[in-house]
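Listed in order, the protein sequences are those of chains A and B.
In case it helps, the UniProt record's numbering puts the first sequence at residues 1 to 417.
In case it helps, the UniProt record's numbering puts the second sequence at residues 1 to 464.
Hint data in this document are derived by calculation from the structure and do not stem from the laboratory.
Model, not experiment: these values are computed from the prediction.
Heads up, the beta-carbon is just placed ideally off N, CA and C, and yes, glycines get one too.
A couple of the hints might just be wrong.
[What the hints assert, rightly or not] Straight-line Cα separation of at most 30 angstroms, DSS-like style, residue types lysine-lysine; simulated pairs:
id: 1; chain 1: A; residue 1: Lys406; chain 2: B; residue 2: Lys14
id: 2; chain 1: A; residue 1: Lys406; chain 2: B; residue 2: Lys145
id: 3; chain 1: A; residue 1: Lys54; chain 2: B; residue 2: Lys102
id: 4; chain 1: B; residue 1: Lys136; chain 2: A; residue 2: Lys406
id: 5; chain 1: A; residue 1: Lys165; chain 2: B; residue 2: Lys102
id: 6; chain 1: B; residue 1: Lys89; chain 2: A; residue 2: Lys315
id: 7; chain 1: B; residue 1: Lys89; chain 2: A; residue 2: Lys54
id: 8; chain 1: B; residue 1: Lys29; chain 2: A; residue 2: Lys54
id: 9; chain 1: B; residue 1: Lys102; chain 2: A; residue 2: Lys406
id: 10; chain 1: B; residue 1: Lys102; chain 2: A; residue 2: Lys241
id: 11; chain 1: B; residue 1: Lys326; chain 2: B; residue 2: Lys427
[Stated by the list, open to error] Here are the computed distance ranges between Cβ atoms for each label pair:
id: 12; chain 1: B; residue 1: Asp165; chain 2: A; residue 2: Asp403; range: 44 to 54 angstroms
id: 13; chain 1: A; residue 1: Ala395; chain 2: B; residue 2: Gly309; range: 47 to 57 angstroms
id: 14; chain 1: B; residue 1: Asp356; chain 2: A; residue 2: Arg357; range: 50 to 60 angstroms
[To be verified] Selected chain A positions facing chain B (in silico; Cβ < 10 angstroms):
id: 15; residue: Met24
id: 16; residue: Pro48
id: 17; residue: Val336
id: 18; residue: Asn375
Below are the chains, spelled out letter by letter.
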Amino acid sequence: MEQTQYLIVGSSHAALEAISAIRMHDATGTLTVVTRDAHLPYSPTVLPYVVSGKSAPERVFLRDDDFFARNAVSYRPGAGLAALHADSNTAELADGTRLGYDKLLLATGTSPAIPPIPGIDTVSYHVLRTLDDALGLRDAIAQSRQAVVLGAGLVGMHAAENLVKAGASVTIVEMSDQLTAGYFDKVAAQMIEQAFTDNGAKILTGSRVVRLEPSPVGARLTLANGTTLEADLLLVATGVKPNLEYLNGSGVAFDHGILVDDTMRTSVANVWAAGDCAQAKHFFSPTPRVNAILPSATEQGRLAGMAMAGDAGIKPYPGGVPLNTYHFFGRHAISVGSSEAPEGSEVLTRFDEKTGRYLKAIFRDGRLAGIFGVNEFFDGGIMCQLIVRRMDLTADKERLVADPLKVGRELMSRTWR
Amino acid sequence: MGRAYSTIAFDPAKCDGCGDCMTACAQAKTGTDDWARSRIQIVGRGNATQDAIRDAIEDATEKAFELALCRQCADPKCVTVCPAGALAKDGASGVIGWDASKCVDCLLCTVGCAYGGIALDEVSGHVSKCDTCDGKPACVPVCSKGALTYVTTANIYNEVGDWEDLFAPGLAGCQGCNTELLMRHTLRRVGPDTVLATPPGCVPGMGSVGFNGTTGTKVPVFHPLLTNTAAMLAGVKRQFKRMGRDVTALAIAGDGGASDVGFQSLSGAAERGEQMLFMVVDNEGYMNTGMQRSSCTPYGAWTSTTPIGAGCSAGQPAQGKTQDAKNLPLLMVNHRCAYVATASTAYMEDLYAKLDRAIEASKTGFAYVHVYSPCTTGWRFPSDQNMEVARKAVETNFVMLWEFTPSEGLRFSRSVDDPLPVTDYLKAMGRFRHLSPEQIEHIQGKVVENSKFIQRFSEQAHGG
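Model the full assembly from the supplied sequences, consistent with the hints where possible.
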């Protein structure tokens with residue numbers, strides 16, 4: 001059986017950061033990367049832009065073959081993990097190959113969560129998680145006249161905007177009563193909704209699809225209130241779920257994702273997990289959560305790589321902080337931190353209807369917990385540091401909300417030397 | 001070998017927030033005067049009405065301004081969080097480049113950076129960041145306060161890093177000593193066709209003459225007496241010349257060996273115009289043998305033979321050295337050597353330029369390079385402060401950097417205008433801790449006198 005010192009499963013941000021971290025400390029240990037994807041590494045986050053045509057698909061790759069050669073990494077695309085035999089430090093790939101490892105990182109990301117709607121398996125639909133998905137969706141959008149997007153998260157909204165711009169009539173169906181819930185508050189969501197309806201999209205929040213069936217156009221959707229929708233293109237964007245099937249019988253503990261400690265170690269010896277498939281410490285929660293965003297994936301991947309290589313410089317994970325950016329119809333929205341405002345927290349907002357600039361900041365005990373803006377630019381990285389460092393901003397709250405860019409830098413600069 | 005990179009450096013103590021740098025950047029990059037579009041951002045450190053911030057501002061040298069500018073991180077967060085591969089660190093220049101054709105305007109890079117180094121330009125709708133203007137930053141020359149500098153010292157490493165190190169690894173210097181740096185760089189620059197003389201002192205003490213029957217260098221090295229270094233090296237050089245071999249005769253000596261007992265042979269060799277490069281590593285005393293004073297030890301300094309306290313000398317209280325230092329490099333100027341220069345390891349580019357000229361001059365005559373070398377052990381300062389002490393010596397005019405040739409006269413290689421008060425230098429180390437106000441006044445007076453004295457050489461040389 002083939003042996004490798006380090007085995008990384010997955011090829012996106014967490015995996016790439018782990019490679020760097022391992023090679024920073026151990027230049028020669030054998031390192032193998034296996035991934036179910038057939039391509040060079042790319043980011044799921046770039047896929048909506050492949051769909052829109054903004055990104056050329058052949059130019060989205062984050063590393064090339066030369067990178068793997070220079071770093072002495074054996075890169076094996078098209079090789080998914082089928083089963084993990086942790087008791088014998090062996091990974092079993094989809095093609096039956098067995099690989100022995102000393103240290104294993106699971107950075108397998110997520111797959112689309114398909115809602116259990118009756119009839120969903122009788123119609124054809126799109127999802128968006130892989131480059132091949134994106135290319136398929138891109139081509140389909142060009143043909144579509146009437147499209148339905150299930151789910152008003154960032155992926156669904158992105159795709160819906162592309163559909164609108166391509167000239168299709170678009171209906172977005174969302175179960176909760178607000179779109180982009182979890183990322184943006186009601187005011188921001190209202191602005192986003194307005195932008196979509198202004199551009200001709202139909203948004204049905206608080207709506208649930210109870211039935212799907214084939215129709216001459218493509219698919220017919222029946223909503224809970226009895227109305228029906230026809231779609232020649234159906235995009236299911238109702239969220240993602242970590243890929244965990246291979247864990248069965250491995251003994252690796254998981255909940256919504258793979259449970260890890262502050263250095264991304266799983267419950268089983270010699271196995272680490274990072275990125276969207278990991279359920280790690282969360283900055284705003286006493287219990288671990290899946291914080292499936294790109295910046296957390298890089299941070300976790302880095303920590304896992306350091307831990308695997310035995311790098312003494314490792315510092316424990318401070319906990320995931322939600323960080324999201326979103327563009328819609330020429331406007332941008334940034335959200336940093338927790339949108340929850342429990343009792344006792346202070347919420348400061350300002351909104352200029354003329355310019356469409358909106359800002360909201362949530363403080364707990366004088367410390368920033370979250371800040372959200374539409375068309376109001378601020379340094380998300382600085383805000384994140386103000387949150388993570390729990391800087392006392394009691395005296396600066398109003399100023400920060402008035403001019404978050406300038407005052408954020410001013411506050412942060414006190415820590416720069 | 002990895003590369004070292006040039007960088008835009010910021011000294012907050014000198015910034016007055018005038019914003020000229022932002023105007024220059026906005027003009028260079030956007031053709032406007034809009035500070036909001038500048039990629040370099042001067043940031044107020046705070047509202048002075050707040051106690052916490054006022055404390056920070058009053059923190060001695062710190063003033064009220066900071067800099068939000070791309071730091072061209074070695075391990076850049078913005079690059080790692082870019083989903084589109086639009087940001088990448090250039091291995092040759094060190095600059096993190098932005099590829100407009102790949103960027104999807106997602107702003108995730110701004111969420112990655114904790115320094116405000118990459119931000120949205122609302123006019124263009126894209127992020128913008130410093131690209132150092134391809135190595136000629138527009139912001140730096142317009143900074144009239146000297147707060148911004150473009151540090152290019154890394155070029156030395158890039159240029160000479162691959163050259164052969166002609167000293168053995170693991171020299172036995174004190175922790176924090178800069179002489180190892182000096183020895184390795186000098187010998188590297190002078191090259192393998194060299195005969196090296198290292199008279200008693202710190203340099204052989206650190207291992208130039210070797211241990212257990214092997215030399216510490218990869219070139220022939222010998223260990224003359226303190227008194228005869230220049231004479232012996234002159235003879236060796238002449239013999240090589242007679243044999244038709246072109247070698248550089250190099251001496252690396254201490255200030256004691258050069259200015260005290262070795263002075264007559266040094267003076268004689270200079271007077272005869274012997275073809276050699278004589279480098280003096282001036283740590284202002286006999287540091288190798290226990291920190292005795294030399295004629296280069298400055299007034300007021302503690303050494304083991306110029307002690308401090310009551311009853312030191314016939315019951316009289318003593319306060320360190322009671323005489324002023326000899327200015328050895330000026331004495332060498334009066335020998336009309338082919339080349340004379342002073343240098344400091346805090347100014348390596350300057351040192352390298354002078355080494356080049358000295359090597360050239362040593363082919364036809366006597367070249368003399370005097371390097372000021374702070375001694376962490378003998379001067380009593382923390383071992384991580386050597387470069388800082390060396391820099392302060394220059395910034396206060398306690399020592400001055402200049403070069404001299406008979407045809408061009410004396411020229412300062414770093415301006416002596418607007419020096420810091422000498423106390424900034426004195427308080428950086430323990431050997432001056434005991435000084436009385438009168439002694440400090442004496443030293444400050446000597447600094448002014450010395451600088452005027454040398455300036456007169458310079459002015460005459462330039463028709464001043």
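Checked hints:
1. A:Lys406 with B:Lys14: Holds - the C-alpha atoms of Lys14 of chain B and Lys406 of chain A are around 21 angstroms apart, at most 30 angstroms.
2. A:Lys406 with B:Lys145: Given that 30 angstroms is the threshold and the Cα spacing comes to 23 angstroms, the pair holds.
3. A:Lys54 with B:Lys102: holds, 8 angstroms
4. B:Lys136 with A:Lys406: holds, 27 angstroms
5. A:Lys165 with B:Lys102: Roughly 21 angstroms separates the two Cα atoms, so the pair holds.
6. B:Lys89 with A:Lys315: Given pair Lys89 of chain B, Lys315 of chain A holds - Cα atoms ~25 angstroms apart, limit 30 angstroms.
7. B:Lys89 with A:Lys54: It holds: about 23 angstroms lies between the C-alpha atoms, which stays within 30 angstroms.
8. B:Lys29 with A:Lys54: Satisfied, since the Cα-Cα distance of roughly 25 angstroms is no more than 30 angstroms.
9. B:Lys102 with A:Lys406: holds, 29 angstroms
10. B:Lys102 with A:Lys241: holds, 29 angstroms
11. B:Lys326 with B:Lys427: holds, 22 angstroms
12. B:Asp165 with A:Asp403: 44 to 54 angstroms: Hint holds: Cβ distance 53 angstroms, inside 44 to 54 angstroms.
13. A:Ala395 with B:Gly309: 47 to 57 angstroms: holds, 51 angstroms
14. B:Asp356 with A:Arg357: 50 to 60 angstroms: Since Asp356 of chain B and Arg357 of chain A have Cβ atoms about 58 angstroms apart, the given range 50 to 60 angstroms holds.
15. Met24: holds, 9 angstroms
16. Pro48: Holds, because the Cβ-Cβ distance from Pro48 of chain A to chain B comes to roughly 8 angstroms (cut-off 10 angstroms).
17. Val336: holds, 7 angstroms
18. Asn375: holds, 9 angstroms
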